[in-house]
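Participant: Could you slot chains C and E onto chain S? The hints should help.
Residue numbers (our numbering), protein chains in the order written: chain S, 1 to 214; chain C, 1001 to 1175; chain E, 2001 to 2705.
It should be emphasised that the hints constitute simulated quantities derived from the structure, not laboratory data.
There's no promise every hint is true.
[As the list claims (entries may be wrong)] Here are the simulated EDC-like cross-link-like pairs (lysine to aspartate or glutamate), alpha carbons at most 20 Å apart as the crow flies: (1) S:K169 / S:D151; (2) S:K70 / E:D2384; (3) S:K185 / C:E1094; (4) S:K185 / C:D1097; (5) S:K169 / C:E1094; (6) S:K185 / E:D2384.
[Claimed, not checked] Calculated Cβ distances over 10 Å to all of chain C for the following chain S residues: (7) P73; (8) V76; (9) L80; (10) D92; (11) E109; (12) R122; (13) V130; (14) E140; (15) G150; (16) G158; (17) G180; (18) R192; (19) A197; (20) A201; (21) D210.
Every residue gets a Cβ at the ideal spot worked out from N, C-alpha and C, and that includes glycine.
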Amino acid sequence: MTGVVDTPDAPGAPGRPGDDGGDADPGVPRRRTGMIVSAVVALVAIAFVVVLATREPATERRAKSPLIGKVTPALVGETLDGGSFDIDDHRDEFVVVNFFATWCPPCVEEHPELIAFDEAHRAAGDASVVSVVYNDRPDEVHDFFADRGGDWPVIADGGLAAVDYGVVKVPETYLVAPGGVVVQKYTGGVTRDMIEADMAAVTAAVAASDEGGS
Amino acid sequence: MTAAGAARRRPRGLVAGWLALVVVLAGALAVGTLDDGAARSPGDRARDLAESIACPQCDGQSVADSDSDAATAIRSRIEQRIGEGASDAQIRDELADAYGERVLLTPGRSGVSSLVWTLPVVALIVAFAGVVLAFRRWRAAGARRASDDDRALVEQVRSRAASGAGDPGRGPGGP
Amino acid sequence: MNAALGTAGVVLGVAASLGGVVTLAVALARGKRHLLPIGRSYVLLALVGAVLAVGAMERALITRDFTVQYVADNGSARTPALYNVATLWAALEGSLLLWVLVLTVYMALVVHKFRRRLDDPLVGWAMLTMLVVSGFFFLLLLAPANPFTAFDPPVGYDGPGPNPLLQNHPLMAFHPPALYLGYVGFTVPFAFAVAALATGRVGEGWLMETRRWTLFAWGFLTFGIVLGAWWSYEVLNWGGYWGWDPVENASLLPWLTGTAFLHSVMVQERRGMLRVWNLSLVCATFSLTILGTFLTRSGVIASVHAFTEGSIGAWLLTFFGLTVAVTLGLIGWRADRLRAPGSIDSPLSREGSFLANNVLFAGFAFVVLLGTVFPLLVEAANGDQMSVGRPYFDRMTIPIGLTLLFLMAVAPVLPWRKASGEVLSQRLFWPAWVGTAAVVVAVLVGARGLAPLLAFGLGGFAGGAAARQVVLATRRQGWRGLVGRTNGGMVVHMGVVLVAVALAASGSYDSERELTMRVGDTATVAGHEIEYLGARTVEESNKTSVRAQVSVDGEVHEPAINRFPATGMSVGTPSVATSLTRDVYLTLLRAPADDAGQTASVRVIVQPLVTWLWIGGGIMAAGTVLAAFPGRRRNPIDPVSAPLPEPGAGDVAGPRVPVAGGPGRTGEGAAPPGPPGGGDGDGDDAGDREPGRRDGEPQPIEVTT
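Next comes chain S alone, as it looks inside the complex:
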């Protein structure tokens, strides 16, 4: 096998076309071309590897809601107890918009935290809570609130508001600042402390900018 076939530069057949004169001095310029092409491809490959190497795992990359810093989507609807709710009526306070379902364990877990938060701030009048039912039956939700407490508007709109907010997986909770700007998104269970910390931060920032402005 070896001898014949592997002689790489075996001259072509007599009269074979294609040796464009390079045979006189084989190698040198060709080698340089090869090197240049290899180097270019290598640079691209290195850049590619570096990009891949510096990526976070996909699971860490989700989350960040594009809504943060923007005006809250409309949230209007009939509540379970027959009343109506419009988030625009609550422009003067923080609104905690909680998406939940009774079949979701973390939703059950976070419920007492929401109750505690609601009780504390309803009295103060600086924040209110609204829950939006996500893929659940009204009677189940009714029983849920009857069993576990909680007395705030609950909207069941068939999941449309959830799409406006970009809810991926319940529970998700959004904190809307006075004036109607979304300031935070919590995925998974939320605690009273988490919400209050963010409220405090927003209040402080507003105060600071007011001072700076005046």
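Facilitator: What follows is chains C and E alone, placed relative to chain S:
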């Protein structure tokens, strides 16, 4: 199959045969494409839109392919918005506002993301240009053998190239 | 016990691989050829190590030995036997075990095949390369993905079992091994390519050595991909078979470059050209298998099929970078030797069409790679998060696919060197009519739209061309007209045509409806009568399944929702009413438990010709096997640059007697009509040996200028 006779007869029959083929094919394609008929139903639109939106809850499936809660919710939102007369682009924008650009499976045509559309086209054009160049060189090489004058010229260029720019490169290995 | 045995196997594998690498490197560096055959012992030791490790893991799985972490994480006493065995490849660590087993088996086969030439530096370098690869994968099993770490199971412990999706269909037992046989198989041609570069023997020798290996790897990869699509269709409950998911793309990428290589290799064998290109393709194919492994196992890309993440990503990425760097360096270093003599005279020739084929396949691979990693690139560039999905891939790849179909029709009838329009118009006449007939039939049965009609027409065209070649070959050679690379290749082409037609039809003419039905309700979807008959619940060892009984045109099907108590996951399982012309795909959307099965929500998807995909895939696999059989022999040992026969000598047409013996034997005595060195049964034979040519037409191919 015998023979010279067949070979001589063939061309005329062949031409007629190809002509007939062109006529039949053009007719069939005309019927098949012009008679496309009814405009897209809202259901088709919803389905197409859903196929172009990534299910935010799942990995790598479109909203149309997933039965997850988020996908179901987005599907019904799309149907509702179509019912309200929203355009496809409007609906897509609204979803991107809520979930982020990440849910759009069709990359945008402007900015950095447009590169994903243009790069392959550029690459294909470059590759074909390379092939065309290679053919021209081969043809030129086939037409004449290198003479001594050619070699002298090559030497000259080389010595110039050695001090200056690189070799332009050639051959099939290129692209 | 199992853990110790398995760890011993992995350690043996690492030691044998590294020992072999060192020994061979020293022997090659010092030019001590007599030392090279020692490499065989190392390869066999590595194989023993892999067999030991896999055996220990299977034993642990079968005996439910939960002291092994992998079994504790992925095994369960409730898993049925078949899936329990298949649990080996149900998670990251086990799948790497399968990888090293397949790799070492390939290595042992290579060593056996070349047992008389082990002192050849070419074989030595190939062995060295393969041992580097196996050493790397054994190291993965030792450090970042050790399957044999210990676990202390509490009394009465039972594992969760494999992911429910992976214990829901028997195809799971076959798809990954087939895929790995393909994926890993490309290591062999890669090793020989590296060996060719390292030894400087960059001619056609290494190609000849690895031709059949490449073919087998490609065949298994094809088979594995088709099985994967089938599995996806039967299990994932969404009615599709290909989602342009990153993991699917990762398997498609080496397939594309491998397919390009299978074609361009013929140009090099025949004409001695495209050497750099072929080496690059082989190296790219191997690198892409590593890159694909990285993408699917590092967690950087979200995918339905991805394994969970781990530190293994950095290892794989490093290995990918090294592979690319080394091969690029080698090719750059050998660039002077890789300069090929010869030229392609006309774009309208066999080699010209292979060139176009390669540009298109490379472009296809570029599109798929770019689309897969583009979101990562954009995020790195400006922090934006974006996605690239089906609409992009469809729009970009459909034109490429259609062009490839066209090439598939024209290329097989093109002679080497140069074709005349007259020859073409004769040879393409009937294939073109087949394509036209396909369009007419499609229009008559109601198909509309340009892209699918073009797919049918070009598919018919390509199928006609392939059938013509096979018919001519069998008429001339009898059953031998079906074997050999060209004829087998034409059979593969016919399988590709079926797949293409199936893709176009099922993608363009599907209809879908969601039905909520009470018992006894009926509905009609795309002409099919659907009736809901009721529901039942079936308890199995590993799952509880709620099955809705739905009659499709009188035939009862049971789409189900399965609950796996071990993980708490619910997985829908579709039921498909299959026929040759259309599939009715039923999925149960919600378990009808709450009102005792009185109502059920069922999605019905009707798609035409889906079955053709699986048939086409089978034909492709069968064609690959046929192509691997020795066809009629040319003499592959002759250098391609040997003097060509006198013009006219080739007119001695007529069946040639196959020459006994494997490739590499001295060949036919009588002057072969084609340029020698073409390998077995090259494609032009069927076309060239036509009546027209006997009539004394000037032969375009053999003319030397």
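Participant: Determine for every hint whether it applies to the structure shown.
Facilitator: Outcome of the hint check:
1. S:K169 / S:D151: 24 Å, violated
2. S:K70 / E:D2384: 17 Å, holds
3. S:K185 / C:E1094: Roughly 18 Å separates the two Cα atoms, so the pair holds.
4. S:K185 / C:D1097: At roughly 15 Å apart (the allowed maximum being 20 Å), D1097 (chain C) and K185 (chain S) satisfy the hint.
5. S:K169 / C:E1094: Judged against 20 Å, a Cα distance of about 19 Å means the pair holds.
6. S:K185 / E:D2384: It holds: about 19 Å lies between the C-alpha atoms, which stays within 20 Å.
7. P73: The claim breaks: P73 (chain S) does not keep its Cβ more than 10 Å from every Cβ of chain C (closest is about 7 Å).
8. V76: Label holds. Min Cβ-Cβ 14 Å, cutoff 10 Å.
9. L80: L80 (chain S) clear of chain C: closest Cβ-Cβ about 19 Å, beyond 10 Å.
10. D92: 25 Å, holds
11. E109: Given that every Cβ of chain C is farther than 10 Å from that of E109 (chain S), nearest at about 19 Å, it holds.
12. R122: 28 Å, holds
13. V130: 18 Å, holds
14. E140: Label holds. Min Cβ-Cβ 15 Å, cutoff 10 Å.
15. G150: 22 Å, holds
16. G158: 7 Å, violated
17. G180: Correct as stated: the minimum Cβ-Cβ distance to chain C is 15 Å, above 10 Å.
18. R192: It holds; R192 (chain S) is separated from chain C by about 26 Å at its closest Cβ, greater than 10 Å.
19. A197: 25 Å, holds
20. A201: Holds: least Cβ distance 23 Å, greater than 10 Å.
21. D210: 29 Å, holds
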